Amino acid sequence: MIFLELLWSFFQIGLFSIGGGYAAMPLIQHQVIEVHPWLTMTQFADIMTIAEMTPGPIAINAATFVGIRVAGLPGALVATAGCVLPACVIVLALAYLYYRYRGLTTVKGILAGLRPAVVAMIASAGLSLTALAFFGQKSLPADLGGVNWVSVGLFALALAALRLFRAKPIHVMLVSGALGTLAYLLF
Amino acid sequence: MNREKGVYWKLFSSTFRLSAGTFGGGFVIVPLMRERFVKELGWIEEREMLDLIAIAESCPGAIAVNASILVGYHVAGCAGALLTVLGTVLPPLVIISAISCFYSAVRDNALVNMAMNGMLAGVAAVICDVVLTMGREVLGEKRLMPPVIMLLSFLAVRVWNVNIILVILVCGLAGAAGTLRRAGKGVRRHDLS
Chain A
1 MIFLELLWSF
11 FQIGLFSIGG
21 GYAAMPLIQH
31 QVIEVHPWLT
41 MTQFADIMTI
51 AEMTPGPIAI
61 NAATFVGIRV
71 AGLPGALVAT
81 AGCVLPACVI
91 VLALAYLYYR
101 YRGLTTVKGI
111 LAGLRPAVVA
121 MIASAGLSLT
131 ALAFFGQKSL
141 PADLGGVNWV
151 SVGLFALALA
161 ALRLFRAKPI
171 HVMLVSGALG
181 TLAYLLF
Chain B
188 MNREKGVYWK
198 LFSSTFRLSA
208 GTFGGGFVIV
218 PLMRERFVKE
228 LGWIEEREML
238 DLIAIAESCP
248 GAIAVNASIL
258 VGYHVAGCAG
268 ALLTVLGTVL
278 PPLVIISAIS
288 CFYSAVRDNA
298 LVNMAMNGML
308 AGVAAVICDV
318 VLTMGREVLG
328 EKRLMPPVIM
338 LLSFLAVRVW
348 NVNIILVILV
358 CGLAGAAGTL
368 RRAGKGVRRH
378 DLS
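Going down the list, the sequences are from chains A and B. Take the first sequence: its position 17, counting from 1, is numbered 17 in the numbering used here, and each next residue is one higher. Basically the numbering used here = 1-based index in the second sequence + 187.
Here chain A stands alone, though its shape is the one from the complex:
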């Protein structure tokens, strides 16, 4: 039963994460926190952090992590299979159509229509993570009293490094982890 749930959840994540990279993130958050009580918001943030620092697609990383926590190694295999299954079918079907009719106009249209929505959903998931970093909870609080200034400072530094100096995400992660540890030890 739990295996079927894992398979179906990650099948949906694989099926609806369109646009690559971070498009899977809001879907993972939806499935493993809201639909199923598999991870806490902090654990979700942890796996996004780990995924950022390890090779491999975010969805596969999350599938393995959630699968293992919920049902051990078999769970990880089932969740990963669920994640890859839709792609196997759709990619080969689309390749067939592409070679038959030469052109991806409709598919490109679907993608173009989706892009603004995907950006919005990544923004929403990103906002949850930012709120967690700043306030220790997933939605913005009414008053800004409990703000974690170390996090705010690191966020500002990291964003500046990314936007102004085109720093690599993995370097930003390593430095913010090191600076964070140092700051928390000092203050």
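Hints were generated in silico from the structure; no laboratory data involved. Careful: at least some of the hints might be erroneous.
Unchecked claim - Straight-line Cα separation of at most 20 Å, EDC-like style, residue types lysine to aspartate or glutamate; simulated pairs:
1. A:K108 with B:E324
2. A:K168 with B:D316
3. A:K108 with B:E244
4. A:K108 with B:D238
5. A:K108 with B:E235
Claimed, not checked - Over 12 Å on every C-beta distance to chain B, these chain A residues come out as not near it, computed from the model:
6. M1
7. I2
8. F3
9. L4
10. E5
11. L7
12. H36
13. P37
14. P141
15. A142
16. D143
17. L144
18. G145
19. G146
Owing to the predicted nature of the structure, the values given are computational and were not obtained by experimental measurement. We put the CB at the ideal spot given by N, CA and C, even for glycine.
Using the hints, position chain B against chain A.
Chain B in isolation, oriented as in the chain A frame:
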């Protein structure tokens, strides 16, 4: 027979090595796959590879996985696709499994907690950077609809708690309808001239 075995092994080992050594997601790994299969091995023509990448980026799911399926299938059929998917999926599967073993034991450690908190601020910044870059592309199209869709989707997911999959389906259908309508108009104009 021997040559075939060599092809299978090379498919698997190439995708495995690329997947294990590449940080930064699909848009980083795809050019490296092109380097390996087009230039080094010469199994796929440049033009063909560009087509495969276009298909991989148009499909749902991780781009690295999609591209590896197409490369594997192109070179050695279904068995090839299976091997390249395994090669791409195994490294993260093994790495995250290993990390999961330590995770529960180490997560409550004060130092680990400090580092994770620091890195969480970093992740938030990385995602903020991604959203800013993608958002600017959407606004840069200088059309009315994309920003409106962006705002409505954000409100739908964040404020109105609409199911995220429903939002994706509606926006995808709207995009398809828009393309078909434009294509239809194009044909009619062509007929008149």
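Violating hint indices (sorted, rising)
none
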